[in-house]
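Student: One line per chain: the protein sequences are A and B, in this order. Okay, so the first sequence: first residue is 2 according to our numbering, each after it adds one. Okay, so the second sequence: first residue is 179 according to our numbering, each after it adds one.
Derived by calculation from the structure, the hints in this document are not laboratory data. Everything numeric in this text was worked out from a predicted model, so none of it was measured. Think of the CB as a built atom: it goes at the ideal place given N, C-alpha and C, for glycine as much as any other residue. A portion of the hints provided could be inaccurate.
[What the hints assert, rightly or not] Just so you have them, the derived chain A footprint on chain B, three or more residues with Cβ under 8 Å:
{"no.": "1", "segment": "186 to 197"}
{"no.": "2", "segment": "241 to 250"}
{"no.": "3", "segment": "313 to 320"}
{"no.": "4", "segment": "344 to 351"}
{"no.": "5", "segment": "354 to 368"}
{"no.": "6", "segment": "427 to 436"}
[To be verified] Derived CB-CB ranges, DEER-like:
{"no.": "7", "chain 1": "B", "residue 1": "Pro381", "chain 2": "A", "residue 2": "Thr149", "range": "24 to 32 Å"}
{"no.": "8", "chain 1": "B", "residue 1": "Gln217", "chain 2": "A", "residue 2": "Pro257", "range": "41 to 49 Å"}
{"no.": "9", "chain 1": "A", "residue 1": "Arg156", "chain 2": "B", "residue 2": "Pro381", "range": "17 to 25 Å"}
{"no.": "10", "chain 1": "B", "residue 1": "Asn385", "chain 2": "A", "residue 2": "Gly117", "range": "29 to 37 Å"}
{"no.": "11", "chain 1": "B", "residue 1": "Thr322", "chain 2": "A", "residue 2": "Pro261", "range": "20 to 28 Å"}
{"no.": "12", "chain 1": "B", "residue 1": "Leu376", "chain 2": "A", "residue 2": "Ser175", "range": "23 to 31 Å"}
{"no.": "13", "chain 1": "A", "residue 1": "Arg156", "chain 2": "B", "residue 2": "Gln421", "range": "56 to 64 Å"}
{"no.": "14", "chain 1": "A", "residue 1": "Gly57", "chain 2": "B", "residue 2": "Ala383", "range": "52 to 60 Å"}
{"no.": "15", "chain 1": "B", "residue 1": "Ala383", "chain 2": "A", "residue 2": "Gly117", "range": "43 to 51 Å"}
{"no.": "16", "chain 1": "B", "residue 1": "Arg293", "chain 2": "A", "residue 2": "Gly93", "range": "23 to 31 Å"}
{"no.": "17", "chain 1": "A", "residue 1": "Ala92", "chain 2": "B", "residue 2": "Leu376", "range": "38 to 46 Å"}
{"no.": "18", "chain 1": "B", "residue 1": "Pro320", "chain 2": "A", "residue 2": "Ser175", "range": "39 to 47 Å"}
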Amino acid sequence: MSGCSRNEWMTIAAARLLRDKSVCFVGIGLPSAACNLARLTHAPSLVLIYESGTIGTRPRVLPLSIGDGELAETAAYVVPLPEVFSYYLQAGRVDVGFLGAAQIDRYGNLNSTVIGPYDKPTTRLPGAGGAPEIAWHAKQVFVMAKATKRSFVERLDFCTSAGYLEGHGARARSGAPGGGPRAVITDFGMLAPHPQTDELQLIALFADASVEEARAAVGWPLALADEIDTIAPPTAHELDTLRALFAHTREAHSRPVHLPLPPEGLP
Amino acid sequence: MFFSLADAIHDYITDGASVALEGFTHLIPFAAGHEIIRQRKRRLHLIRMTPDLVYDQMIGMGCARKLTFSWGGNPGVGSLHRLRDAVEHQWPNPLELDEHSHAGMAAAFCAGAARLPFGTLRGYVGTDLPARNPNIRSITCPFTGESLAAVPAINPDVTILHAQRADREGNVAIEGILGAAREAALAAHTLIVTVEELVDELPPAMNAIVLPHWIVTAVVHCPGGAYPSYAQGHYTRDNSFYQRWDTVARERDDFLAWMDQHVLRTNDHRAFLDGLSRAEG
Numbered sequence: 002m003s004g005c006s007r008n009e010w011m012t013i014a015a016a017r018l019l020r021d022k023s024v025c026f027v028g029i030g031l032p033s034a035a036c037n038l039a040r041l042t043h044a045p046s047l048v049l050i051y052e053s054g055t056i057g058t059r060p061r062v063l064p065l066s067i068g069d070g071e072l073a074e075t076a077a078y079v080v081p082l083p084e085v086f087s088y089y090l091q092a093g094r095v096d097v098g099f100l101g102a103a104q105i106d107r108y109g110n111l112n113s114t115v116i117g118p119y120d121k122p123t124t125r126l127p128g129a130g131g132a133p134e135i136a137w138h139a140k141q142v143f144v145m146a147k148a149t150k151r152s153f154v155e156r157l158d159f160c161t162s163a164g165y166l167e168g169h170g171a172r173a174r175s176g177a178p179g180g181g182p183r184a185v186i187t188d189f190g191m192l193a194p195h196p197q198t199d200e201l202q203l204i205a206l207f208a209d210a211s212v213e214e215a216r217a218a219v220g221w222p223l224a225l226a227d228e229i230d231t232i233a234p235p236t237a238h239e240l241d242t243l244r245a246l247f248a249h250t251r252e253a254h255s256r257p258v259h260l261p262l263p264p265e266g267l268p
Numbered sequence: 179m180f181f182s183l184a185d186a187i188h189d190y191i192t193d194g195a196s197v198a199l200e201g202f203t204h205l206i207p208f209a210a211g212h213e214i215i216r217q218r219k220r221r222l223h224l225i226r227m228t229p230d231l232v233y234d235q236m237i238g239m240g241c242a243r244k245l246t247f248s249w250g251g252n253p254g255v256g257s258l259h260r261l262r263d264a265v266e267h268q269w270p271n272p273l274e275l276d277e278h279s280h281a282g283m284a285a286a287f288c289a290g291a292a293r294l295p296f297g298t299l300r301g302y303v304g305t306d307l308p309a310r311n312p313n314i315r316s317i318t319c320p321f322t323g324e325s326l327a328a329v330p331a332i333n334p335d336v337t338i339l340h341a342q343r344a345d346r347e348g349n350v351a352i353e354g355i356l357g358a359a360r361e362a363a364l365a366a367h368t369l370i371v372t373v374e375e376l377v378d379e380l381p382p383a384m385n386a387i388v389l390p391h392w393i394v395t396a397v398v399h400c401p402g403g404a405y406p407s408y409a410q411g412h413y414t415r416d417n418s419f420y421q422r423w424d425t426v427a428r429e430r431d432d433f434l435a436w437m438d439q440h441v442l443r444t445n446d447h448r449a450f451l452d453g454l455s456r457a458e459g
């Protein structure tokens, strides 16, 4: 299918990683778009959990934040936040954690805390949120991030969420309950950990991207898998569904809010 | 039990207090935060899992000396520019950070609610947070020998929540996304709740969340008190306000002018809301 943007293709490629009926803890932004696209296409029984406590939610439009009312209204049920983190995530009841990050290193460790030194940062980012424990406990993790040498870095400024730590089996030896990042979807293609070293290597490219482009976008010498796959182009159904979702979302988020205030002077 | 917002803030928030305005995207007590700014409260230790716009406003107006938090951004939009300016350039004051993950803060609130000294979790492993925060430590399980993360209980001097309803006795009912509202309420020494509606009698709650009157210190009738956040069943989140805030808060002068016009020069939350709707035509 021609005429789609890299962003759209990236979201569609990420959505395809999700299996129907799996239980997925969703981060906001690109991961949320990918998870909802999966639910609206090939995985209608995907169970989406947002950290605000909405379980099995089926939003009609993408939430701007993880706590939008749309997520509560369309959820199977809504639980307090400590319950989501303790009884579901920590207890091992989440199949997939879907995260974004400001920085990622070659072993899939993530930074969303600061750029520069912690005490004197050049850029203060929002911070950890649910990510440290999602990355630790989910049975597997998918990461979505656009690649530049500032985001795919040799060394993180701060480790917010553990990937494979120093690699070479360090995560498995540490006793981590979850399996770690199984795929990193980026705007040139996809990386996955090498089975022995845990180092992220290039496993797939979009048809209009090249190995040279991938290497230029990554801040460490990018290793290549023995075979580099080409990611199948979006189907008309995938692309139409994604575009309709974005169109509904834009319309919903610009709708004026009506406050039903009582006349002044009443109790 | 029943107060005006100005009196509740005046009587219960002292300079230097630790204060948690909770609400996870939903039911954020904006009106109470604005009243704290109007009354020029100072040196507060602000606590909140997700400091968003109302904390950006309080920090930018110089109310805070310390922030205990787990995620500080404008959800779905980007940075909190006033929070960033305080951390990156100490403007208008330096801001001490006590930084956690959501799971860590949830455990700390649960411990606070139960009046236990600390909360425990399998968390923070492999991250740089424990190296930067002496409040994140580890403990050995006395039964299995497993090493677990430990965080001190959070017991705010004052927790402020916004909720849909209170009855005439001061029982409070909350519906929809709760975040850690119940834990923050039970962890506090003083609990102030602003509500959309006062009703004679709450419907039978069964499994829904009710804060019983004897843990509530003050109830304030404050319709629209969560705007631009939302109150499920009453009004929706004003996503366009959150998007506009990015521009308002980016530069110090624009921010100060906006706060002066919309918060300092308005007498109460109703005047704030009326002023906003006039500004937007």
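Student: For each hint, tell me whether it holds in the structure or not.
Tutor: Hints versus structure:
Remark: the segment 186 to 197 of chain B is not confirmed as covered by chain A, as 0 of its residues place a Cβ nearer than 8 Å to a Cβ of that chain, below the required three. Residues of the segment 241 to 250 of chain B with a Cβ under 8 Å from some Cβ of chain A number 4, which satisfies the need for three, so the listed coverage holds. A stretch counts as covered by a chain when three or more of its residues have a beta carbon under 8 Å from one of that chain; for the segment 313 to 320 of chain B and chain A the count is 0, and the coverage is violated. Judged by the Cβ-Cβ criterion of 8 Å, the segment 344 to 351 of chain B is not covered by chain A as claimed, because only 0 of its residues qualify and three are needed.
Requiring three or more residues with a Cβ within less than 8 Å of a Cβ of chain A, the coverage given for the segment 354 to 368 of chain B holds, as 8 such residues are present. Judged by the Cβ-Cβ criterion of 8 Å, the segment 427 to 436 of chain B is not covered by chain A as claimed, because only 0 of its residues qualify and three are needed. Judged by the Cβ atoms, the range 24 to 32 Å given for Pro381/B and Thr149/A is violated: they are separated by roughly 54 Å. At roughly 31 Å, the beta carbons of Gln217/B and Pro257/A sit outside the given window of 41 to 49 Å.
In this structure the hint that Arg156/A and Pro381/B lie 17 to 25 Å apart at CB is violated, the actual value being about 57 Å. The supplied range of 29 to 37 Å is broken by Asn385/B and Gly117/A, whose beta-carbon atoms lie about 47 Å from each other. Distance hint check for Thr322/B and Pro261/A: the Cβ-Cβ separation is about 54 Å, which falls outside the suggested range of 20 to 28 Å. Checked against the hint of 23 to 31 Å, the pair Leu376/B and Ser175/A fails, with Cβ atoms roughly 53 Å apart.
A hinted range of 56 to 64 Å for the beta carbons of Arg156/A and Gln421/B is inconsistent with their spacing of about 34 Å. Between Gly57/A and Ala383/B the beta carbons are some 23 Å apart, a value that contradicts the proposed interval 52 to 60 Å. Take Ala383/B and Gly117/A: their Cβ atoms lie about 49 Å apart, and the range 43 to 51 Å holds. In this structure, Arg293/B and Gly93/A meet the distance hint of 23 to 31 Å, their C-beta atoms being roughly 29 Å apart.
Separation of Ala92/A from Leu376/B is about 40 Å and conforms to the stated range, judged on CB atoms against 38 to 46 Å. Separation of Pro320/B from Ser175/A is about 22 Å and departs from the stated range, judged on CB atoms against 39 to 47 Å.
The earlier numbered hints that this structure contradicts are 1, 3, 4, 6, 7, 8, 9, 10, 11, 12, 13, 14, 18.
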